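Asker: All chains should be modelled from the sequences, with the hints used to inform the complete structure.
Protein chains in written order, with the working numbering: chain B, 1 to 271; chain P, 1 to 271; chain Y, 1 to 271; chain C, 1 to 271; chain D, 1 to 271; chain G, 1 to 271.
If you are wondering where the hints come from, they were derived from the structure by calculation, not from laboratory data.
One should not assume that every hint holds.
Chain copies aren't distinguished; within one or between two, either way the pair holds.
[As the list claims (entries may be wrong)] Listed next, the in silico BS3-like pairs over lysine-lysine satisfying Cα-Cα at most 30 Å (straight line):
1. 13 with 54
2. 196 with 13
3. 256 with 211
4. 13 with 169
5. 196 with 211
6. 54 with 255
7. 256 with 54
Being a predicted model, the structure only gives us computed values, none of them experimental.
6 protein chains.
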Amino acid sequence: MFYHVKELQYRSKPECPDPVYAKKLQEILGGQFGEISVAMQYLFQGWNTRGDGKYRDLLMDTGAEELAHIEMLATMIARLLDGAPDVELDEAAQNPVVAAILGGSNPQHSIVSGLGAMPSDSVGNRWTADYIIASGNLLADFRANLNAESQGRLQAVRLYEQTDDRGVKDMLSWLIARDTMHQNQWYAAICELEAKENIVVPSTFPRELEKQEVAYTLFNYSLGNQSAEGRWAHGPSMDGLGTFNYVEDPLPYGKKPKLNPAPPYIHDTPL
Amino acid sequence: MFYHVKELQYRSKPECPDPVYAKKLQEILGGQFGEISVAMQYLFQGWNTRGDGKYRDLLMDTGAEELAHIEMLATMIARLLDGAPDVELDEAAQNPVVAAILGGSNPQHSIVSGLGAMPSDSVGNRWTADYIIASGNLLADFRANLNAESQGRLQAVRLYEQTDDRGVKDMLSWLIARDTMHQNQWYAAICELEAKENIVVPSTFPRELEKQEVAYTLFNYSLGNQSAEGRWAHGPSMDGLGTFNYVEDPLPYGKKPKLNPAPPYIHDTPL
Amino acid sequence: MFYHVKELQYRSKPECPDPVYAKKLQEILGGQFGEISVAMQYLFQGWNTRGDGKYRDLLMDTGAEELAHIEMLATMIARLLDGAPDVELDEAAQNPVVAAILGGSNPQHSIVSGLGAMPSDSVGNRWTADYIIASGNLLADFRANLNAESQGRLQAVRLYEQTDDRGVKDMLSWLIARDTMHQNQWYAAICELEAKENIVVPSTFPRELEKQEVAYTLFNYSLGNQSAEGRWAHGPSMDGLGTFNYVEDPLPYGKKPKLNPAPPYIHDTPL
Amino acid sequence: MFYHVKELQYRSKPECPDPVYAKKLQEILGGQFGEISVAMQYLFQGWNTRGDGKYRDLLMDTGAEELAHIEMLATMIARLLDGAPDVELDEAAQNPVVAAILGGSNPQHSIVSGLGAMPSDSVGNRWTADYIIASGNLLADFRANLNAESQGRLQAVRLYEQTDDRGVKDMLSWLIARDTMHQNQWYAAICELEAKENIVVPSTFPRELEKQEVAYTLFNYSLGNQSAEGRWAHGPSMDGLGTFNYVEDPLPYGKKPKLNPAPPYIHDTPL
Amino acid sequence: MFYHVKELQYRSKPECPDPVYAKKLQEILGGQFGEISVAMQYLFQGWNTRGDGKYRDLLMDTGAEELAHIEMLATMIARLLDGAPDVELDEAAQNPVVAAILGGSNPQHSIVSGLGAMPSDSVGNRWTADYIIASGNLLADFRANLNAESQGRLQAVRLYEQTDDRGVKDMLSWLIARDTMHQNQWYAAICELEAKENIVVPSTFPRELEKQEVAYTLFNYSLGNQSAEGRWAHGPSMDGLGTFNYVEDPLPYGKKPKLNPAPPYIHDTPL
Amino acid sequence: MFYHVKELQYRSKPECPDPVYAKKLQEILGGQFGEISVAMQYLFQGWNTRGDGKYRDLLMDTGAEELAHIEMLATMIARLLDGAPDVELDEAAQNPVVAAILGGSNPQHSIVSGLGAMPSDSVGNRWTADYIIASGNLLADFRANLNAESQGRLQAVRLYEQTDDRGVKDMLSWLIARDTMHQNQWYAAICELEAKENIVVPSTFPRELEKQEVAYTLFNYSLGNQSAEGRWAHGPSMDGLGTFNYVEDPLPYGKKPKLNPAPPYIHDTPL
Ligand SMILES: [Ca+2]
Ligand SMILES: [Ca+2]
Ligand SMILES: [Ca+2]
Ligand SMILES: [Ca+2]
Ligand SMILES: [Ca+2]
Ligand SMILES: [Ca+2]
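Answerer: Have a look at this one:
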């Protein structure tokens, strides 16, 4: 169950309105690695955790925090849209800034949401649960989380570079710091699980059931062997259970498939 | 540029048709972590790599391999659908297997694809590029790849448990082994980059620009402090640049937001 | 900002596992009018409210409650999936219940989410923000909310009819009662706003700017005049500003459109 | 069955081409509350109506009219795109209007549709049936319709404010007036059904089966009690069957959930 | 503008309810090549036609007919769902038909649409305008139409094979015949345009601007030269302007691409 | 199985960066008829082909080539984004080109992909497998392919008109030429199959089972008889099996449908 307090986790107020930046900032609210994604991902992982309370609690702690980040960004976007000018094409002739606003702002911010944030990314794609993952396997999912925080911090940093507004930069400096923590925390959780299991997910599948002769082979399917220079091509494998090997000219192991004809009720082309 | 050979990377032939399993197997062909996803993800990452040839080559090697895996699964699904019975509801009264097939198979396998594989998951959602990521930042993207191979191997293993067909299990033992390699290889590449940079992505953002006082703090937003027991709550941070701390009763840092009224041309409720 | 407590708003435990019902119950978790939809809709409306604190508070109160409902349903679905049998096609010959489970359960519940709830509806469509609305105009949005609670309660009632499990029915009796309250509350808020404004949204557009001669006309475009029997065809209009009238044989007011040819750089068929 | 006449329901001709406005106008053609949505929503509701002819006829009358509105908007958009300039980036240096057009127009209007309207919204999202609802319950659905006409008229009014073109404003004055009628008609139909049933949908579920003790309670989950000031917090409920009450410090009714571990064939993290 | 008559274009009544078949039949109502797709495709093509009245009229004639087909299928599906049993898992033990219905019917038909048709395909994917095309170029679009009628008739025929209900078969015999006509009519229109232009769309692009040396070459990228046996590999090209040639061992014409490093504000991995 | 070589099929290098054009060019990479669509469509058709090797080989030859086209476009887009300026709103006042770039470029190119190509169209919609078709019936599918190459060449030609960059035009001249070949090749394959079967797909459905009396009739549902002037209205049908006829005033063949009331457990409005 959730309680809401009206105070923001951190302040979220721009120096000036800027509808073009409001459009861009939607990316980390409603994009693939925006705050909606991490909130929903951590909450669903938490609700689906079967077992150990420590990980479930960490997931719920962080999921609840991400809800606060959605709120901060929604507030910031509404303020960036404050007094957004109501401009028309012929005004652009007088004023290149008007031209930029006409082109660079999101028309749905005035037509659809009434100068409010939308659950969408920076080009207007609505948020979709296609973005999230909760598999029940904690090591797999913590890797998904480490990736999400890496992509998310990267996007926040790129957005930080694209504005001079001190209010926006102040808020982003908070979100970027929290992503630093979240990368650290998922990293710590991953280390703990990898130490107990093995690095290969899932760790419980009997290795003798997999085709072991190709479990540590790099097949060179893109001709040119620069990839042979990497750690992944030689020496003991990272999981400690094998040895990497490199196949420069890989051949097929299978034969040409020959499918049976379709039965008549399928009405394919008669051949 | 690509060349295709008609031989399969590995054989892909079931002992018996099984349209119910064909439906399930679609998950690792066209689902969120199916072979289409990894193929497209690695190829786009490779094409967008600006710089070092070793990583680009590794991405293209693996992307090309994943195309071969789409092919193996498409072939397997077509064969599992071979001679799929053309059954009707009243036949179910005589035969529970017919009932199971009626319910458990994907109607689009007969109506739409003519007993062929579809670019869809196990419940029929069409594959979408929402599933993939290519950010240009290699450490971020290799984490995405490690996650994809973890989720993918997990799903393949779960599917392995759901059949007794030796032909299907044989093919899955190949794919599972390749996922073992791919987890190992992305892990190796990640270690290499983390050693050169730092674990926090992106490593190039000046730390003094982030809100450092909360960069290593775990806020306990889900009441109950089991999460304080983890490595992430105390001691040096994983990136070596700070110390974890735990805030049991976190308070807001911001104030209640108060938005300005909308201008008249937005026609909100007058208040 | 949000705090989470681990206790559920209300208990959520089935008498018995039932994977077929777990699939169905996804509808009111992740479907068009499921709990994710109302939670996100009310929260976005609240964050975007510019002005009066009473409505904003009501939206945030209710949005936070809906998060608790997502949690209850996620918990119920995980428990309905507890010990879901790991069945194969040939077992169906022995047991029609196995056949029903094979056909009637969601394969992603075992392959993707590891016996956890998914952010999807009862046929597997992932939740999308296409489902929600937050326009900034409170009367419009409260109507959206009244609709959402009407559709949502209807679906919960239909699901109530489809199970005998007393644990499931107990939880649904809670959700149905809350939908009763929510219908009542949005109804009350609508009455308040309609009394201050007018029933036509937005109330601030000058009526003389609309084509007043057709503002209260029912055009009979589906031949047969049963629709003339309704209150909407005769008498004073509901907004008190006009009189309904019925046009039995409506004619076009416009002319045949004739579009100009496309310029050559468009390369249409030359005509 | 449908007959088409080539004359438009109302004229639809701009004074001047304006590709930037053409992009915006797509919102009320192919957006969430555009004309495709209401046409499909009313037609599907009509086709699914089981019973009383008066409501079915009203739905089909209005659904057929909305098809004519799609046609008017498609025509208007094609004309706004007439002779759309074929501009390049370097021309923007000379002319801010060119800059605005480059940025503010939809590239698919020239590349994909050949200067024609598209079944998309103002940012290019394709129309999806996710937008519509037809539940079979008429009171629920008429509420959906009243909402759709409220959102739709609001968007049309906002678009009216964003142009000076008298031809466009003339057409919008028609559509806005029709939305006035449609809000009035669904309002009338709702009143009729609420008088016969009750305001709570569905009216046929026995009230004793819902958790009556919380059927009229407002839980204050967003701390701060401004919401206690509303009609929804005190006094008789709107459905006449209860009394509103306000719980300032709501506590959980349920316990912490504890899920069983997953079975081995799911291969979760071993704990 | 459109008029609706309540009579169906053709009768649409099954002998018996069959909810499993109702689910399947959704494919040709709301699937990729269902009636919604062709209706919307032809209408949008008609509205966007700039020029010759004959083709515009044909498009509008056929678009209006397809609306009648949506109506017939919606009616049929509602009737196939009539009296759909309200079954539970434990009843399946007694009755394999119950098991088949539990598994093979669409749960949204009872929970969401109240035993009505939905704007979805046979696995529940909502209809999307991604399915349709209207480019402004009539020859291109008539080819899209010929394809749509080919795929649509194929699916209708496959569905015809999957039922014994004489009422359903009767209705399908109508739709299949209409698809025969529609294939014939688009074929005729294509022949007319190809005779006036050329078979290559668009016909107006100066051939000297394309890379003529590869305009009639078949590159053998899938090793093995069975494809050399076809008409497309040798002899005069179908457009009469060149000669087909076959390249058995195709080599790249381009060089390895080398991308510039990203600028610092992009924060890629430093290399 | 696939091998990749690092050389491009054809060179792909612009004279100058142009982020606005990069956004547009996404259409033929990741749009409905972009290179991802044709690659996936041909490969899936090839994998699903049951029978004749000649067609399967042709499909795989062409599918593999389209992968090379994705690669060329991804490379071109990355280069068009090279050194894309990092501009802000206030700079637009000084420079209309900045204004155009702010408005006309895709924000995800800097925030999400790090100046790389995305699997999206020119307005940012992610690629979806909704775009492709593989039915198993070769004649139907070759028609889909001819359409795809027609739409694709049309879009490439329109893009050719929208740039003066000689590098871009050079690459497009290659792609346009290849589309010329692909239209020719599918045309040839279609002719071959039509000569063996009949033009109506599928050719194997017994004609006496369709409603023959309406198999060659044009119903004039859009009033006005310009459509009577076409070849499709009179004379022998294109399939040689009937005679076209024109019905100027088409009447319904069916009756008004009357649906049964819903059962009580559906909880529709009581009527
Ligand atoms: Ca290589
Ligand atoms: Ca905690
Ligand atoms: Ca009527
Ligand atoms: Ca409150
Ligand atoms: Ca070949
Ligand atoms: Ca006509």
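Asker: It remains to establish, for every hint, whether it holds in the given structure.
Answerer: Outcome of the hint check:
no., hint, result
1, 13 with 54, "between (35 Å within a copy, 23 Å between copies)"
2, 196 with 13, "neither (45 Å within a copy, 32 Å between copies)"
3, 256 with 211, "within (20 Å within a copy, 35 Å between copies)"
4, 13 with 169, "within (10 Å within a copy, 36 Å between copies)"
5, 196 with 211, "within (24 Å within a copy, 34 Å between copies)"
6, 54 with 255, "between (50 Å within a copy, 18 Å between copies)"
7, 256 with 54, "between (51 Å within a copy, 14 Å between copies)"
In terms of the numbered hints stated before, the structure departs from hint 2 and from no other.
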